[in-house]
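Chain W is fixed; fit chain G onto it per the hints.
Number of protein chains: 2
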Amino acid sequence: MVTRLSHLFLRTLREDPVDAEVASHKLLVRAGYIRRQAPGIFAWLPLGLRVKARIETIIREEMAAAGAQEVHFPALLPREPYEATNRWTEYGPNLFRLQDRRETDYLLAPTHEEPFTLLVKDLYSSYKDLPVTLYQIQDKYRDEARPRAGLLRGREFTMKDAYSFDVTDEGLAESYQAQRDAYERIFTRLGLEYVIVQADAGAMGGSRSEEFLHPTEVGEDTFVRSAGGYAANVEAYQTPASEALPIDGQPEPIVVDTPDSSTILGLIDELNTNQARTDRAWLASDTLKNVVLALTHQDGSRELVVVGMPGDREVDMKRAEVVFAPADVEPASESDFAKHPRLVRGYLGPWTPTGAVLGETSSSGIRYLLDPRVVEGTAWVTGANEHGKHVLSLIAGRDFTADGVADIAEVHEGDPAPDGSGPIEAARGMEIGHVFQLGRKYAEALGLQVLDENGKLVTVTMGSYGIGVTRIMAVLAETNHDDKGLTWPEQVAPFDVHVVATGKDAAVYTIAEELVSQLEGFGHDVLYDDRPKVSPGVKFGDAELLGVPRIVIVGRTAADGIVELWNRRTGEREQVAIADVVSRLSAAEASAN
Amino acid sequence: MVTRLSHLFLRTLREDPVDAEVASHKLLVRAGYIRRQAPGIFAWLPLGLRVKARIETIIREEMAAAGAQEVHFPALLPREPYEATNRWTEYGPNLFRLQDRRETDYLLAPTHEEPFTLLVKDLYSSYKDLPVTLYQIQDKYRDEARPRAGLLRGREFTMKDAYSFDVTDEGLAESYQAQRDAYERIFTRLGLEYVIVQADAGAMGGSRSEEFLHPTEVGEDTFVRSAGGYAANVEAYQTPASEALPIDGQPEPIVVDTPDSSTILGLIDELNTNQARTDRAWLASDTLKNVVLALTHQDGSRELVVVGMPGDREVDMKRAEVVFAPADVEPASESDFAKHPRLVRGYLGPWTPTGAVLGETSSSGIRYLLDPRVVEGTAWVTGANEHGKHVLSLIAGRDFTADGVADIAEVHEGDPAPDGSGPIEAARGMEIGHVFQLGRKYAEALGLQVLDENGKLVTVTMGSYGIGVTRIMAVLAETNHDDKGLTWPEQVAPFDVHVVATGKDAAVYTIAEELVSQLEGFGHDVLYDDRPKVSPGVKFGDAELLGVPRIVIVGRTAADGIVELWNRRTGEREQVAIADVVSRLSAAEASAN
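Sequence lines, in order, name chains W and G. Residue 593 is where the first sequence ends in the numbering used here, and the numbering goes up by one at each step. Residue 593 is where the second sequence ends in the numbering used here, and the numbering goes up by one at each step.
Since the hints were made in silico from the structure, they are not lab data. Nothing false has been slipped in among the hints.
Heads up, the list lumps identical chains together, so a pair's fine if it works in one copy or across two of them.
Capping the alpha-carbon separation at 30 Å, the derived lysine-lysine pairs in BS3-like fashion look like this:
no. : residue 1 : residue 2
1   : Lys128    : Lys484
2   : Lys539    : Lys504
3   : Lys26     : Lys128
4   : Lys456    : Lys128
5   : Lys128    : Lys504
6   : Lys533    : Lys484
7   : Lys539    : Lys128
8   : Lys121    : Lys26
9   : Lys533    : Lys128
10  : Lys533    : Lys456
11  : Lys504    : Lys456
12  : Lys318    : Lys441
One chain only, chain W, in its complex shape:
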């Protein structure tokens, strides 16, 4: 196929769009791949549609190789199934909701676990029908509070979402692995660097869950990894419990006056000034900070919890959300403190000289949870539950106990990987794929059961697997560009070759036409810049902006049988005999694929 630039629906733009912050957004708009329709909602122009189609082809091929079968669901779906799984409510304002003319509730689906589950329930009834993995490539909707970065976080976006259905846990593990392997092949074929990180399953529920992150500074996710191969989403990082220490021989607690020390920094200052020790200075990590959080449970009830953690850490609210899900969590409010005068702000602790106020033995009715580092035998400076007073040498397991563990503190670089593979470092990434073992949550909620080998009804176990197609395109643009424009890899480029004819000499265009026909004959998808009145500079600028990886310049030397091959990715330019162009380009393409 040949596409002529004189005919192509395209206007390249000199200026970055005003709302664009990241390179992929700027370049995809400037090069005429996409065009904004509303916040986070884009139209696809001919070039954009071509790149998207190539990405989808790779995904379809690998889904077929993994034995997944393509189906297609509507975006507009009735409320009931999402009500049954509680997601109608859980999605909150992220869900686009609407009513039809009969005032029946509908939604624009953000993801399709429910209808896939119901479809399998509808058609299948026996273990013999399983396993089955179904997928679709489909436009999804999420009413993001802050749509940003072009295609990186849109409100309408294309996803490949797959769902597996198995009778046994082992079956699920296999189906999961098949999708996971397919994802590795897809990202490898796309030339996209990725890290597989352990992920919290979040609102999806379920057991095993991994994210495919593309490491990039424009990424929205922070993840941690060790040199030894550990990688996890920050929400999924599990702090290893410290080792317990002997309680025997530890000094008794001492209550000290610490006026104006309601912050950890103030307390450390005060201690180092008035409780100075000769052996070492007081550090924030010597203190036990007690944070009051308010949980809102699904039944609407509000519960306060206090979490104790080393004073050099803050609460990571995202990690807290995971730990306390499905309850919503927020810092306790003024009115919460007002209702609980025993929670002395700035001087809160698990202990007073007259006994425990928090934890298992307390009568406050408020759960007290501890960071995994606060283990038996560790000594802490903490609040004495009296304004202007702290207590030193308070020993965990001796002077106070807790109702449980809450691993919600910030993760720091240098913290140990939980698998012992060394200290972790933090990096930023963009989620490009996600694989979940959902388990039986959806099948239970929607009644998906099949008869097993013994004729007994068993609940099906499911997996859910997503790849963001439009996001991948943005990440590819993010990874493949320079200051002149896009530099697509062959396998997703909108065209195989971009032929640029320059000058006003009609003979040049005749030669270019011939070359274009030849390339077409050899199966190349060709973009041909045949615009006679456009200057070479503008044509080269457009070629750089559009980013087709192989460019052939047909100019003055064409009459002597010579053209220029220009590799857009390496910048290499080379004089080549016209007769050799087809074989050179075909060889280049074969080696790239």
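Frame of chain W, contents of chain G only:
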């Protein structure tokens, strides 16, 4: 590619779905092509998706051949552009409307004139950029009051919609013709019978408009055609004006008592009883019926009009809607009559013995319009505007005049085609395509102008062209089935060949596997029924239901090198040497394409 029935996500059903009335709906559900999600909203199963993809490929090829370029718009669009063209309001309850989290209004687009217009406005500015024709294949939404017949009238459906942009009227005519020609090629390739009928442009506005109707009893549209080649939508049929007659020598009007004759039937009875003539009987067509209609204009004002037409015709409200558009039209209400006591129900006419009450000379303030058959010199029996009285021999042009023509009477079989090509007959059809010359309506409303050759801003003229992709699939199923199931034509069948291995003999399956590999090697898309435990009867039944046109049965005789070729469309069965199967099928396919 080979798809194994043992693996395919499919459950064929013995029973018709309870809500299905037409064959395509029953069979597409029973054969596992589609599955209902909500009224008029379907999921696409693997087989359905394959047929749909093949239809889309044919459409894409012909769009490319017509020079149209593919783009893709979101379904979710902001209100403003549709407000600017008034369609936000005009669509009424057929539009799915919703709000995002900021309470901004959005819609699910039923058609995309507005965003295409804005996109061209956004990127193009000169006559040099035009003409351009853009299209998309995209899922559309209409909140139909009565979604029915499966894919024939859905609330979510796939359309190919194209839009052309030209500077001149001649350019528009060419762009229109290119799409019209492409549509003819598409329907021909699909093997779909079609009639091109003149159509009313309806809510779309504009000048020339034609519908592609597939003649079928399950069609929702009535159209009329003559043996001489005229064809039109009933709404677009234009009644030829009758010839004027001489007024001289016509008898004077006579007012007669006609008690209890407020209906045309009653009047005719009365006339034939008490005003009997020797030359002939009174007919309904001798009477002039005057119908009072209430128009609601876009500014909300209400206007009464009276339309006079021969008494053997009723008003066709759909034709009336077209004539009075954009006003809404309905029969006058009790309260309308109450407000206008001079409109004597059942005895209404344009004339009284003391002068005209309706028409140009009236002072009622109510417009009086006439059917094209009521021309100068024609004589009528009509109401005398007094209860129980009619007037005979009222001569149009002498005794009454009108404010204009309103061609809103029912069309009858036998009426003349307006082009003189003979009497018309009525037929039913299903709209499968529609081409419109929109003209400058949308460009004006949305400010799409370009600079012409003289540097002057001119408004662009547009065309709009739609094909219902999912509806075409239903029509194809409607046209290609028998009482056993579907009988797809080769070009849209989900597979090229369906190989059925029968019995329990492992050797048969080995031979079938070999044949399947060979067919795959020759580029055939093969469905292989490899289910060892399913009886031949069930396999044949499934093959008939699924409707792949070429079936190969590998059974007992396979050991002797003989299989059976079964043509699903003709029912022909033939014993063939295995060695000949590939060449026989490839030849069959070549001749079908």
